[in-house]
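Colleague: Chain by chain, the residues:
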Amino acid sequence: MSSPLLRVEGLRTHFFTKAGAVKAVDDVSFEVGRGEVLGLVGESGSGKSMTGYSIMGLIDPPGRVVEGTITLDGRDLTRLPAEELRKLRGNRIAMIFQDPMMTLNPVLRIDVQMIETILAHERVARSTALERSRAALVKVGIPSPDERLVAYPHQFSGGMRQRVAIAIALLNNPDLIIADEPTTALDVTIQGQILFEMQKLTRETGAAMIWITHDLSVVAGLADRVCVMYAGKIVEEGTTYEVLARPLHPYTQGLLDSVPSRGVRGVPLAQIPGMTPSLLKLPPGCAFRERCARASSECRVDPRMEEPDGAGHGVRCFHPLLVATA
Amino acid sequence: MTNGAPPLLEVRRASKRFVKRLDAAAKLGNLFGAGMHEEVVHAVDRVDVAIAPGEVVGLVGESGCGKSTLGRMTVGLLPLTEGERFWRGTSLAALDPAAARAQQLKMQMIFQDPYASLNPRMRVVDIIGEAPVVHGLIGRSQQKDYVAMQMNRVGLDSTLMRRFAHQFSGGQRARIGIARALAVKPEFLVCDESVAALDVSIQAQVLNLFGELREALNLTYLFISHDLGVVAHVSDRVLIMYLGRVVESGPTDAIFASPNHPYTRALLAEAGKVEPKKRTFIPIKGEIPSPLDPPSGCHFHPRCAYAMPKCREAAPALVEIATGRRSACYLNDTTVQ
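Chains as they are written, first to last, in the working numbering: chain H, 1 to 326; chain E, 1 to 337.
Keep in mind the hints are simulated off the structure, nothing from the lab. C-beta: ideal position from N, C-alpha, C; glycine also. Incorrect hints may appear among the rest.
Claimed, not checked - Interface residues of chain E toward chain H, partial, derived using beta-carbon atoms under 7 Å: (1) S201; (2) Q205; (3) G229; (4) V230.
Starting from the given sequences, assemble the full structure and let the hints guide the process.
Modeller: Here is the structure:
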């Protein structure tokens, strides 16, 4: 196997607050290959966004990447000087955020913002940059791009704004796109449009993508592989099919059972008891054990990521749901 | 549903228009020929809803379709521009103020945002207990016991009643909102995106609570959501709204099994399914039009794959296409004949 585009190993991002250290990301490892879509799934506070921010080098004090390596194409991003990292950001790695109103500058026209992004990384003529900006808007399906280039963000609808944000992310043909819940704020039909564009773009450009979301249904249709996060750790990873069709971790199973649908109308949903633990005072051992029906005294020790049936389907659990029957 | 007893709550031909009046500057401008107009948003356009006792009706639509406005109108939080509300067959407009006040207690609303809808400066005991005391359902001395009972019923620890809303998690706050609505013993609840802000696992807990309370207290719900999975799970009947109009209605199973209106079909096709299968997203074209300037005729025609010339001219009526099912689309005329 050739080396993956991005390899994250033993990443720990902690926030040092007055109340104590919050282990937002705690020993996270995964790989993303070229052209691959990795779904990073979890509920609020599971550390999925902070994993994305850590890769981008966007963790601000009191937070800090305390341990681990993030290797992009052979270079460790955690050791890179700020100036070098700035050259990568927006160029080789791009991020799309949840709220497009917050990421676009409200007082600058779209063309200004787009040209700026290109000129920050390349020495080209403004006219070339403008032409490329226009092409990027066409690529994400924005009608009448010439008029749109001279418009301000508030003149766009939510879906259109997110398209602009995606177009900006694509301007420098990044190798890796980190998408942090980009469709959560959008309506279903508009979400469908954005997913369609993203799917098309990754196929055309061969860029790798990390899709961060809480929505299992989005991941189901889009991702090649899935990592499920809980309380700062990846508790299960594997191909989308393996994880969703044959989940090993009780938490993954619980999440899947919690999704309401017509099939189980009126029947109470299988709910996960209790609530997500505070990351401030996590007891040692499996963070899920308080809510888990299969927990035993063994679970007071932190389980390692293991592959009970080989084949790249890993789980962090002493009592996985399906034991290999080979 | 239509035979025998009258529906618990009914709104007939309800419309809501929001008008942005011209301010002094605009009026002055008009004197000099600036040509400013009053802007009118047809948030809800002649909608009929009838909810039978014990029924759960789901109201689905995308942002700006008027589903929340309709919810607020049914519960009485917004006056109707046109149309009338009926409770068990009697018009609510004819009631004298005292009777209307008593009647209003029978209908309660649970809001979307469990953060914004609770007063941050009140303790939970007052948030839940204020209304029943004010309305004379209980005496002030009974308030504590009463609130404890309400809290236990929604799965909250009643020893926490002296706390403030910010000391609770999102799921607990949603439960406080439910307990507050139930404290005045309503028969009818409007839930406006009440689980949208919650994580899936917490959402499942709250949805189960809605189900249990429905059984225990014989409640009737109007359940507003943009999440088709949630609506399919809880509702007996579904109304689909698009830009202020109901485009399709019918029993949940029938609509999800064979959607009739092109918009419903598109919506269901986009709705997330947790199927571990890669799929190609085939989006509906175009944006959701602005309700300030809705398209002529059928509001969906600019995005519809089956649009015909007459769709542009007049809006199709919401007609019965099967027992209990209604749809507003010209395609049904051609297929029937």
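Colleague: For each hint, tell me whether it holds in the structure or not.
Modeller: Hints, verified against the model:
Below 7 Å, beta-carbon pairs count as interface contacts, and E/S201 has one with chain H at about 4 Å; its hint therefore holds. Hint on E/Q205 holds. Least Cβ distance to chain H is approximately 5 Å, under the 7 Å limit. The interface hint given for E/G229 is met, as the beta carbon of that residue sits about 5 Å from the closest beta carbon of chain H, less than 7 Å. Given hint, E/V230 at the interface with chain H, holds; its Cβ is 5 Å from that chain's nearest Cβ, closer than 7 Å.
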